[in-house]
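Novice: Residue numbering for the sequence shown follows the working numbering, beginning at 1 and increasing consecutively.
For the record, the hints were derived by calculation from the structure and aren't laboratory data.
Please note: incorrect hints may appear among the correct ones.
Said to hold, decoys possible - DSS-like, lysine-lysine: derived pairs with alpha carbons at most 27 Å apart: (1) K28 / K9; (2) K88 / K111; (3) K28 / K41; (4) K85 / K111; (5) K41 / K23; (6) K23 / K9.
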Amino acid sequence: MHGQCPIGKESWYFYQQAMANGKTISEKYTGLPNNILNIIKPVYLELCSRDLLQKCLHGKTQNANESFNSTLWRRVPKETFVWLKTVKIGAYDAAIQFNVGYMGCLTVFEKLNIEILDFLH
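Build out the structure end to end from the sequences listed, making use of the hints.
Specialist: Structure below.
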């Protein structure tokens, strides 16, 4: 992983800075205690099983919550400040599209008496 970071004395990454200056890195983190590792290891090994990993080969590993969050943040980007009302409207719109698709928007337009042109049907 260190090879992915910029190299040289001016690097923002401490490891690469140390390497450029000829210093050795002493690890401060000793890792998890053995009793915790013994508890976690069976779960880790199960998650690494060939059968489970085989299911991830098609790339369809995003869960429903991540997918909804993506739908919401496309409407209301997290990087831009908006009022609560805007977030709520974005969340309502995202929920409609996530659950029903774009046809759900047509239903909302009809309820609001917004005329839908014939070519949209």
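Novice: Tell me if the straight-line CA distance from K88 to K111 falls inside 27 Å.
Specialist: The hint holds at about 18 Å.
Novice: Holds or violated: K28 and K41, Cα atoms, limit 27 Å.
Specialist: With a Cα-Cα distance of about 23 Å, the restraint between K28 and K41 holds, given a limit of 27 Å.
Novice: Does K111 lie within 27 Å of K85 when you go C-alpha to C-alpha?
Specialist: At roughly 20 Å apart (the allowed maximum being 27 Å), K111 and K85 satisfy the hint.
Novice: Take the C-alpha atoms of K23 and K9, compute the straight-line distance between them, and say whether it is at most 27 Å.
Specialist: holds (11 Å)
Novice: Taking 27 Å as the top limit, are the C-alpha atoms of K28 and K9 close enough?
Specialist: With a Cα-Cα distance of about 21 Å, the restraint between K28 and K9 holds, given a limit of 27 Å.
Novice: Need the status of pair K41, K23: alpha-carbon distance at most 27 Å?
Specialist: Not OK: K41 and K23 at ~34 Å, beyond 27 Å, violated.
Of the numbered hints stated above, the single one contradicted by the structure is hint 5.
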